[in-house]
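Protein chains in written order, with my numbering: chain A, 1 to 423; chain C, 1 to 212.
It is worth saying that the hints were derived from the structure and are not from the lab. It is possible that some hints are incorrect.
Unchecked claim - Heads up, incomplete: computed chain C residues facing chain A, CB under 8 Å, no partners named:
#1 E62
#2 Y63
#3 G90
#4 I160
#5 E162
#6 S165
#7 L167
#8 K168
#9 N170
#10 V190
#11 S196
It should be emphasised that the depicted structure is a prediction, and the values quoted were computed from it without experimental measurement. By construction, the Cβ of each residue, glycine as well, lies at the ideal position given by its N, Cα and C atoms.
The primary structure of each chain is shown beneath.
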Amino acid sequence: MIDQRLHTPEGVKDYLPNEEAFKIEIERRIETIFTRYGYVPLSSPTFEYMEVFEGMGSIKPKQMYKFLDRDSSMLALRSDMTPAIARIAATAYDKSDIPLRFYYIEDVFRYNEKYQGKLREFTQAGIELIGVNSADADAEVIAAAVNSLIASGLKNFKVCIGNVLFFNAVIEEGGFDNDTYLKIQDFITEKDFAEAYKLVKESQASEGIKSIFEHLPVFIGGKEIISKAREFIKSKAAIDALISLENVFNILKAYGLEKFIKIDLSIIGNFDYYTGITFRGYAEGTGLSVISGGRYDKLIKNYGADFPSVGFAIKLNNLISALENQKNAIPFVYADTLIAFTEEGRNTAVETADELRSKGLNIENSLLGDDMQKNMNYAEKKNMGGILYFSDSENVKIIDMTSRDIKDVKISELLKNNMEGKH
Amino acid sequence: MNYITFALAKGRLADMTMELLEKIGITCDEMKEKSRKLIFTNEDLKIKFFLSKASDVPTYVEYGAADIGIIGKDTLLEEKRNICETLDLGFGKCRFVVAGKKETAERFNKSNDLRVATKYPNIAKEYFYKKKHQTVEIVKLNGSVELGPIVGLSDVIVDIVETGSTLKENGLEVLAEICPVSARLVVNPVSMKLESERIIKIINGLKSLKAV
C-alpha cells in the first residue's frame, strides 16, 4: 500500500512556483497574441453532460472522466474545448453575430494511457473562429498559432498543414471496396503507412493513387509538394483540396510566415470532426506535437446552428517542456528587493516597503531577524536584486546582491535616489 | 546540424539493419568493435546509433529519444505507440499464430474459457476478442511460452514463429494464423517533420534497395 496522503494520482501534477510562474508567463504572452488578433475570452464549465462530447468525433467516451449526477445524469469532465465552445456558439449566438472569435485557456481531462508520460489533466490555450469558411479564416488562425509560438520564445518549430479532404478524395478516387476502405483508414489512423501501401498496391487503384500511398509518409516539404501530388491525381475533389491548401499557403506568405510552414499531405486530423485544413505544430525538444487544429464545418450542426468554423489548441504542457529542453525557459525571479530591519528600524522599514510597492516594485519583508549574513544568504538563494537593511529609524544599508557593494544612506536620500532611478 | 539517432533492437535484427544501412552508405565503425558502449556515433554523417531491448524501441522513438527505429511488426502491434511506420523492410519475416496440442483444436474453436499463454497479451486480446469474438483468459509469460500447454498452464499459446520447428519439437501445432510479421522502419512524428529532408533521403535509399 502506498501512503496516499503523500502522493498525487497518475497523470496529474503539482506546479511549484518556478514552474507555475513560467506557465503563467507563457499563458500571458499567448493571450496577448490572441487579443491582438481580435479574439475575446470565454470559459465553459469544468464538467457538463456527457452528451455534449459524445459522438462528436472528438475524444472517445472511454478516454473521458465520467460520473453520475445525483439525478443520475451522466456527466463528464471537459475532455476537449471545441465541442463545449460549439455548444455555446450554437445556443448563445445567431447568424447576426458572425464571425465569432473566441479564445480560452483551460484545463482539459483525458484518461491517457498509463506509463507513456502523458498527463491526464493538462492545459490548452486555443482559439475558435466561428461562422466563416474561407482561406482567409484558415490563414488567420494559423498565423495566430505561429505568432503565439514565436511569442512564447519557442525556436526551431514548424507548423505542418494538410487537408483531410485531400486524403478523403484520394481514397474515393482509389475506388476501394468497403472492406479495404475501412482497413486503409485504420492503417492510416495508426500511422502504419507501410501496411496501407501494401493494400493499395494489390488493389485495382490507378498507378497515380498507388504512387500517392507510396509517397504518403514523405509528402512533407514546401509548396512543391502540392504540384508533386497534383501529378498523381485526377478527381476534382482531390484537386480542389490541393487548391484550397495552396490558397491558405499563399495568404500565409503574405503574413510573412512561410518559413514556419510545411505542407504535409500525410496529415489526417486526430479528430473525426475535421472537414478541411488541419495542422499540427512540432518543435525541437519534444516528441509530442505542441499545437493541433483544423477546420470543422459540421460540428456545430450537432448543437443546432450551421456555423462553419476553424480553430486550434496549443498544448501548453508540451510547449513548456519544449521550451525547457531548448533552454528557453524564463528564469524565475522572486521579489526584487528584501527589506530587513532591526527593532528600531521596523516602523520606517514597513512604511518604506509599502511605499516602494506602490511604485511597482516587488518587495519581500524579511522575517529572519536582523542578522545580516542570514538575510544575505536568503536573498542570494532567492535570486533577489538587493537588500535594504534598516539599522534604525534614520539609516539604511543598500546591499547590491550582484556586486555585493554596501552603501550607507539616510532614509530621506533613499527615497530620492529611488525616484531618480525610476526616471 | 543535429544528430539523427537510430534505435535498434539488440540481436539479429540490428545486424541485418546495419548490413542494409551500409549499402546506402550509412556505416558505423564504432559498432563493429567489441565494447560495452551503449551509444555509437558517426561524426561525419552526424548519425548516432544505440541498441536497446526490442520492446523498448517504440518507446524511445515515440518520445523522440531516437528519431528512427528499426523494429519487428510484432513489437509495434503489442506496444501501439504514436509513431510513423514508413517502410516494410522485408527482412526478419515470421508470423503470429495460435498454437497448441493437436487435441486442443476443438476446444480452441468452441470453448469460452480457453486459457491463452503469451508474451503479447494485447495482440492475443485483439485476436480473440475482436476477430474471433471469443472470451478467453490471458496469462502473460516472459519467455519459453511453448511450455504453457506442455505443463498444463494454458490450453494454447499466441506467439511468433519463423519455421515452426520449435513448436514441432515440443509437440505443438499451429491452430490458426493471426498475421505476418517483418521488420519496419519507424519514425518519430516530430522528427519526420523537422528533419524531413534527411529522413526522407534515408527512407528513399532503403526503398530503392528493396526494389533491386
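(request) May I ask you to test the interface hint for Y63/C with respect to chain A, counting a Cβ-Cβ separation under 8 Å as satisfied? (result) Holds, because the Cβ-Cβ distance from Y63/C to chain A comes to roughly 5 Å (cut-off 8 Å).
(message) Restraint: N170/C near chain A, CB-CB cut 8 Å. Satisfied or not?
(response) This interface hint is violated because 31 Å lies over the 8 Å limit.
(message) So, as I understand it, the hint says G90/C touches chain A; can you test that by seeing if any CB pair is closer than 8 Å?
(response) Constraint on G90/C not satisfied, violated at 10 Å.
(request) So, K168/C near chain A? Judge it on the closest CB pair being under 8 Å. (result) Because about 30 Å separates K168/C from the closest Cβ in chain A, which is outside the 8 Å limit, the hint is violated.
(message) Hint E162/C vs chain A: min CB-CB distance below 8 Å?
(response) violated, 20 Å
(request) Hold the hint about E62/C up to the distance rule: shortest CB distance to chain A must be less than 8 Å. (result) holds, 6 Å
(request) Using 8 Å as the Cβ threshold, decide whether I160/C counts as touching chain A. (result) Hint violated; I160/C Cβ to chain A Cβ min 17 Å, cut 8 Å.
(message) Does the closest beta carbon of chain A sit nearer than 8 Å to the beta carbon of L167/C?
(response) Result: violated, 26 Å to nearest chain A Cβ.
(request) Closer than 8 Å between Cβ atoms is the bar; does S165/C clear it against chain A? Give me holds or violated. (result) violated, 28 Å
(message) Next item in the hint list is V190/C. Is there a CB on chain A closer than 8 Å to its CB?
(response) With a closest approach of 4 Å, the V190/C hint holds.
(message) Using the nearest Cβ pair, does S196/C come within less than 8 Å of chain A?
(response) Result: holds, 4 Å to nearest chain A Cβ.
Checked against the numbered hints listed earlier, the structure breaks hints 3, 4, 5, 6, 7, 8, 9; every other hint is satisfied.
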